[in-house]
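Listed below, chain by chain, are the residues.
2 protein chains.
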Amino acid sequence: MKHTDIMRVVLVGAGNVGTHLAYHLCSSQVKLVQIWSRTEVSARTLGERVEVPFTTTLDDLSADADLYIVAVPDHALPEIMSLLSLQRDRFIVHTSAGSSMDILRIASDRYGVFYPLQTFSRTHPVRFSNVPLCLEANTAGDLALLKDFARHFSRRIYIMDTEKRKTVHLAAVFANNFPNYLYQVSEDILHGEKLPFDLVKPLIRETAMKVQRQSPRQVQTGPASREDHAIISQHIERLGRDTAYARLYSFLTQCILDSLANKNKPHDHA
Amino acid sequence: MKHTDIMRVVLVGAGNVGTHLAYHLCSSQVKLVQIWSRTEVSARTLGERVEVPFTTTLDDLSADADLYIVAVPDHALPEIMSLLSLQRDRFIVHTSAGSSMDILRIASDRYGVFYPLQTFSRTHPVRFSNVPLCLEANTAGDLALLKDFARHFSRRIYIMDTEKRKTVHLAAVFANNFPNYLYQVSEDILHGEKLPFDLVKPLIRETAMKVQRQSPRQVQTGPASREDHAIISQHIERLGRDTAYARLYSFLTQCILDSLANKNKPHDHA
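Note that the protein sequences, when read in sequence, are chains B and R.
Everything in the first sequence is counted per my numbering, starting at 149 for the first residue and increasing by one.
Everything in the second sequence is counted per my numbering, starting at 149 for the first residue and increasing by one.
Derived from the structure by calculation, the hints contain no laboratory data.
On a predicted model such as this, the values are computed, not experimentally measured, just so you know.
Among these hints, one or two may not hold up.
[Stated by the list, open to error] Calculated pairs, DSS-like style, for lysine-lysine (alpha carbon to alpha carbon, straight line, at most 25 Å):
#1 R/342 x B/312
#2 B/295 x R/314
#3 B/179 x B/295
#4 B/342 x R/342
Kindly produce the complete structure, drawing on both the sequences and the hints.
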């Protein structure tokens, strides 16, 4: 394919990631030619929404697309790869952080990874322009092609191998899933006293904005970082000693205290 | 004082909170007439920055201000209260989440609390317009006066007693200090593999923005919420079994798993 041609893409998977990729591709210079999902309702919902043909049969996949994006859960990847019956010169990528690139080798000689580092909920729109894209491919030529494709999404392109990508995914759990769980705890505590979660929303936003410019270590505040044991004890009492949230509070407070004692290297409080 | 008069304020304390209050007051309709700090350098730095007289002697405090804001750490409050020698009809508030309102009773018959629910780092500017202000006063008249004052900062005004305020502070630790610590862990993990913290910054921002509109419970993603034990095990291996970060990962993952098993009520995994 020449770089001036319009790239033709098939999307395999209509979950959270697939859905947001499809939405974005429909407003891009790339042509999404087909969507596959295991379930009829997912395939139809997304296909009709973005006005792209859809199928639930892998054997019906368009044979001549330039790129096949497989956006399915990690656990489903091996099976879907084994069922794909494309020509071995078709370029296939998956979107997963947790799976190695080599898992695609069974289906094609040309394979790679297109991992958008963002949290995707179906109900929440995603703007890709600032999303880091972690790319990998098994040949330099296809890596270049994948970069061209990625530029339709974002300028923040990172080339990295499977091991680095897995580290990034691990770091993302600490940056996203765990903080979000703590937001949930905060909401529970407030609702338990009939107070609105709205109270802490500006704080959540500000905390996230601060670390865009400064290291989290430099902007840490609160009772643990002040080593204010009187307030720490009050808080644990308030949660109720021996409750799950009190244990969580104690655990995280001890982590912060240890990190103060042991600055600039990963700490251990065995 | 009539409501049309310009309110005259003395600020006792020039730490993180005091500094940001002073910056804001200087661009408001309220007149900041004096700043006190225990240390000469803090008093001078802030006083000169905002062009307001400063002192390090509590006995030199202006006697006729309409409002005295005591913005000092919780542990310093009792001593400073015992040293204040104002007329007992002067209105005094503190800015602390963790201290009761009654701690001010020793210094005046008119007292209250002005607690801005935000994280204050001296190096990071604060826009107050969206900051929730938690107010309390010992008379209805002074509560009205404090509300008038608070409107110079923000429209988000909440009247709450000391017990509720302490609950809010506890919730704020889960919303701010603990997530910020997890950002720090994320940064450590990335830097350990020579990867930039920049990679997860959009994710941090997006996670915080999502919960502005949706409950954190509804937008949780990641291996724990998918109960993806293969990825969870991979992550723990990657952190190194028996390291502090692996224990932290396991602890938080178990919390999320428990919360899935036990939706909509605080969980316990004793």
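Verification of the supplied hints:
| no. | hint | result |
| --- | --- | --- |
| 1 | R/342 x B/312 | holds, 9 Å |
| 2 | B/295 x R/314 | violated, 51 Å |
| 3 | B/179 x B/295 | holds, 16 Å |
| 4 | B/342 x R/342 | violated, 45 Å |
The structure shown violates the earlier hints numbered 2, 4.
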